[in-house]
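Chain by chain, the residues:
Protein chains: 2
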Amino acid sequence: MARFAAKIEYDGTSYVGYQVQPNGWTIQAAIEEALVKMAKLPKGEHIPTSSSGRTDSGVHALGQVIHFDYPAPIKADNIRRAMNSLLDPSIRFLEVVDVNDDFHARYSATAKQYIYRVDTQQYPDPFKRLYSLHHPYRYDLEKMSRALESVVGEHDFTSFCSTKTDKENKVRHIYEADITEDKENSELQFRFYGNGFLYNMIRILVGTSLQIGNGLKPENELQRLLEVKNRKEAGPTAPPQGLYLQFVEYKNNPFRNK
Amino acid sequence: MARFAAKIEYDGTSYVGYQVQPNGWTIQAAIEEALVKMAKLPKGEHIPTSSSGRTDSGVHALGQVIHFDYPAPIKADNIRRAMNSLLDPSIRFLEVVDVNDDFHARYSATAKQYIYRVDTQQYPDPFKRLYSLHHPYRYDLEKMSRALESVVGEHDFTSFCSTKTDKENKVRHIYEADITEDKENSELQFRFYGNGFLYNMIRILVGTSLQIGNGLKPENELQRLLEVKNRKEAGPTAPPQGLYLQFVEYKNNPFRNK
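In the order they appear, the protein sequences are chains A and B. Take 1448 as the starting number for the first sequence in the working numbering and just add one per residue. Take 1448 as the starting number for the second sequence in the working numbering and just add one per residue.
Hints are not guaranteed to be accurate.
Claimed, not checked - Not everything, but these chain B residues come out facing chain A in the computed CB check (under 10 Å): (1) Leu1534; (2) Ile1538; (3) Leu1541.
To be verified - So these bits of chain A aren't anywhere near chain B, every CB distance computed over 12 Å: (4) Glu1480; (5) Gly1500; (6) Pro1536; (7) Asp1548; (8) His1551; (9) Glu1596; (10) Thr1605; (11) Asn1632; (12) Gln1636; (13) Tyr1646; (14) Leu1663; (15) Lys1664; (16) Asn1667; (17) Val1675; (18) Asn1677.
For the record, the hints were derived by calculation from the structure and aren't laboratory data. In this text, a Cβ means the ideal position worked out from N, Cα and C, and glycines have one as well.
Throw the hints in and build the complete structure from the sequences for me.
Quick look at the structure:
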């Protein structure tokens, strides 16, 4: 048994999310099926994987990280090649590395970055509809940018967390949060970099920020929501297809690239 | 009755092609269904549309052109807006203009441009798999570029036409043909600009060019195929998802932009 970490990317469109569940095909199920096939395990045996965190149905990843213990001697890069041959092209193994047995994709992670893409054209771009939120309304970029500054730092994000969560501690530290505008392509891109994110947290932050940008909510709304600690008062959860897990950071980064 | 021309774009992934057919959902069927809904026609009545030419299952368009006669007074731009509200976001009406009754999307067209996108990474990019051909093999760009020069001009393209066609005249004029390489994104892009293209012509030209680039066929292969006029001797038909109808030209261009 040797432990490996893998950096993977996927188009989440056709999956019911990352994590294995009874109804519907997941990215984790696809990966574990391919691992079993590669290892030629007897029927019923299985190679469990752990990820840095689940992603929801329709959410994409550019740099998700997982780890697993492989039951036979093998070179890390041969896992990458075999998996890319076995998997559907909607999932790609970017890099596979040897790690120590105490490496854990989730518990060893120190930070994550997500981006959220918004298509601001009047009618949705056919080629972006599965990869961004269509939001054809006016927005005040400066106002949204200032509002986002108020979530940077260590805060209790109870207002920005789905009530479906089982996590008790709602305190997270956002190191950086900003928006960039790409006028030529009529796109906005939100970026959130922090030590961890609650269930639906980024999608609620984006949904509320767009309400601020549109004038439906005042500029200090994010600040107020941090104080009231009540999910019901926050804006809508932005839909999944704009969200991308961009990268996961580790104290001793096992990958060649960030 | 007044005639309108529309410039449309679509993601062809989920359709069995442009043209109405008995089995499967087509872009034309989606558009005609929306037109009937917009015009509130009695059941069984229908608004036929004509396009500049069909596109196959999985082929995309950035600037397909169609025309139709609308049975009630209406402003062109209101058609655009209504259609974009009624249609699935995989199809978008970019522009709608009034045209004379003698305008015909197909017969009035004087030229067309297609592009064909190739993903040259070792393993397919999950976000490009529906929008390009994955071709991880070596290629000699200079050789392919020189080979493409031989198809520019007026030629009999019998070797580059599906035998399923019913067209007798196989002579077409290609005004420009080239390839550009985007190293940063590991992409190749073929471009063909001409007065018309036969069934599968671009996909066979691309499939054969990639064989030349890979060294499987000699540099003069396209030249030779023009001479032998035999489809069986040409290379494979490249798959549909890399192909885009980019624009259609008319002598008196009815659109504001090319």
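The hints, checked one at a time:
no.	hint	in the structure
1	Leu1534	9 Å, holds
2	Ile1538	6 Å, holds
3	Leu1541	9 Å, holds
4	Glu1480	17 Å, holds
5	Gly1500	19 Å, holds
6	Pro1536	4 Å, violated
7	Asp1548	28 Å, holds
8	His1551	25 Å, holds
9	Glu1596	31 Å, holds
10	Thr1605	34 Å, holds
11	Asn1632	14 Å, holds
12	Gln1636	15 Å, holds
13	Tyr1646	24 Å, holds
14	Leu1663	22 Å, holds
15	Lys1664	26 Å, holds
16	Asn1667	34 Å, holds
17	Val1675	36 Å, holds
18	Asn1677	34 Å, holds
Hint check: a violation occurs at hint 6 only; the rest are consistent with the structure.
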